[in-house]
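Trainee: Chain residues, written in single-letter form:
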Amino acid sequence: MEDSLLRIRRLGKWFGSLKVFEGVDLDVNAGEVVSIIGASGSGKTTLLRCINLLETFQAGSILLDGNPVGYHEENSKRKRFPERIIARQRLLTGMVFQQFNLFPHMTALGNVSLGLRKVKKLPRAEAEKEASRWLERVGLGDRTHSRPSQLSGGQQQRVAIARAIAMNPKILLFDEPTSALDPELVGEVLNVIKQLAADGATMLIVTHEMRFAYEVSDKVVFMDNGKIASMGTPTEIFEERKSDRLKEFLSTFNN
Amino acid sequence: MSPVGFWESLLAARMAVFIGIFHSMFAAVCAIAIGSFCGIVMGFIMTFARKYVVFPFRLFVDVVRGIPGLVVVFTIYYFLDVFLRSYGVKLPALMAGIIALSVTNTAQMAELTRGALQAIPRGQIEAGKAIGFRFGQILYYILLPQALIQMLPPWVNSATETVKGTTLLMLIGISDLLLVTQQLIATNNHALKYYCFIGLIYFLLNTVIEFTGKAAEKRLRFDGG
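Chains as they are written, first to last, in this note's numbering: chain V, 1 to 255; chain Z, 1 to 225.
Quick caveat, the hints were computed from the structure, so don't treat them as lab data. Just so it is clear, CB atoms sit at the ideal spot from N, CA and C, and this is done for glycine as well. Just to be clear, a hint being listed does not mean it is correct.
Between beta-carbon pairs, the in silico distance windows are [as the list claims (entries may be wrong)]:
no.: 1; chain 1: Z; residue 1: Thr75; chain 2: V; residue 2: Gly41; range: 30 to 40 Å
no.: 2; chain 1: Z; residue 1: Lys164; chain 2: V; residue 2: Lys79; range: 29 to 39 Å
no.: 3; chain 1: V; residue 1: Lys79; chain 2: Z; residue 2: Val54; range: 39 to 49 Å
In silico contact screen, one side only, chain Z against chain V (beta carbon under 8 Å); selected entries [as the list claims (entries may be wrong)]:
no.: 4; residue: Phe74
no.: 5; residue: Lys129
no.: 6; residue: Gln137
no.: 7; residue: Pro145
no.: 8; residue: Ile149
no.: 9; residue: Phe222
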């Protein structure tokens with residue numbers, strides 16, 4: 001059996017005594033696109049943030065490329081890696097946030113090249129060349145010198161995608177990438193993501209765009225009440241709708 | 001008519017006036033520089049350190065901000081004087097004055113920095129982490145520049161307050177601009193003209209600061225306004 005790129009086993013997350021999710025198992029293979037759907041509060045965003053180590057988790061393990069991230073066993077005790085190592089492990093994943101989170105004091109080019117310069121230690125000229133290349137890929141070759149405040153929401157999110165992918169992560173994580181966008185700007189962002197998928201990028205996408213999830217995914221995960229309730233191909237999830245909870249959830253969407 | 005005209009007396013006393021201006025400006029520039037540096041560092045500590053580390057800084061800021069500048073100047077002057085004298089060192093009054101103004105300025109700047117940092121959305125820190133930054137890099141490349149831009153207008157305010165605050169230093173015997181002027185006035189009867197004259201000088205100094213601040217703000221602002 002081929003080892004998956006991302007392997008999550010028995011993952012559990014609590015905020016104090018409040019359980020967010022428990023017993024989550026998930027595999028993502030290289031080149032695969034996996035979408036996570038589910039109602040608000042079902043734990044899907046938190047799951048994504050755990051993979052990027054922005055959240056702690058209390059049980060289970062996350063393996064990226066075969067290596068545990070976030071925590072490791074030492075003398076049969078569970079220990080968090082030091083921040084220095086956590087920072088390096090985060091480079092295995094790229095994160096695209098719901099609210100874009102671009103750096104407002106930098107141009108689009110600055111946003112994309114910052115990590116290349118300061119983390120990947122590329123010389124400025126080389127980093128900026130690389131950054132421009134990615135900005136062109138997301139259709140913003142002519143806006144490299146614009147500040148985030150001069151860009152539309154859709155353009156900002158595309159810069160954020162370029163910023164994440166420029167770091168050459170093994171897997172791209174999208175946290176509801178179009179939820180903060182005006183409806184007419186959703187399409188341009190989804191098209192960029194589809195293009196990346198077609199080019200073979202490995203992606204894990206939390207989304208409320210059901211049609212998009214149906215079209216782009218190899219696998220769809222339905223989270224409900226802190227658990228993975230169903231998992232399957234888009235056809236299995238969206239057409240066969242095997243469980244009642246899934247039927248109920250999908251019936252709230254018109255498409 | 002007085003025996004000596006205003007301009008004549010001013011010309012005769014020009015060296016004393018220059019020294020007064022120099023002392024005032026020197027004290028202000030030192031206090032602004034020291035206060036800005038210490039205050040920014042303190043503001044970062046107060047925002048990101050653990051509670052028990054924050055506590056003494058919080059106390060310092062609240063106490064200093066809660067008492068009049070004049071009291072700070074006197075307290076520090078007499079405290080340092082007594083303390084250092086026990087080691088046989090005589091502290092120059094100007095030094096004590098600069099330290100006192102720096103202390104006030106530090107407290108002010110710490111509070112400004114803390115406010116500016118707290119106004120930065122959490123997502124900025126997360127975005128920094130997501131591109132593999134460590135905490136120091138997030139501070140330096142993401143938070144500090146944004147905080148500084150936010151802080152510029154209130155920083156200009158506090159700098160002009162510091163320039164005005166240098167007038168307190170005459171009370172511990174520093175021949176700042178105000179003390180020099182008062183000594184001149186004692187030798188003639190041009191009081192009103194002299195006060196107008198030094199008022200104009202303070203005003204010009206602060207106008208330069210505000211103008212520089214505005215120019216910097218215009219260059220740096222990123223909100224597209």
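Trainee: Does each hint hold? Answer for all of them.
Mentor: Hint check results:
no.: 1; hint: Z/Thr75 with V/Gly41: 30 to 40 Å; result: violated (55 Å)
no.: 2; hint: Z/Lys164 with V/Lys79: 29 to 39 Å; result: violated (55 Å)
no.: 3; hint: V/Lys79 with Z/Val54: 39 to 49 Å; result: violated (27 Å)
no.: 4; hint: Phe74; result: violated (42 Å)
no.: 5; hint: Lys129; result: holds (6 Å)
no.: 6; hint: Gln137; result: holds (6 Å)
no.: 7; hint: Pro145; result: holds (5 Å)
no.: 8; hint: Ile149; result: holds (6 Å)
no.: 9; hint: Phe222; result: holds (5 Å)
Going down the numbered hints, you'll see the structure goes against 1, 2, 3 and 4, while the others check out.
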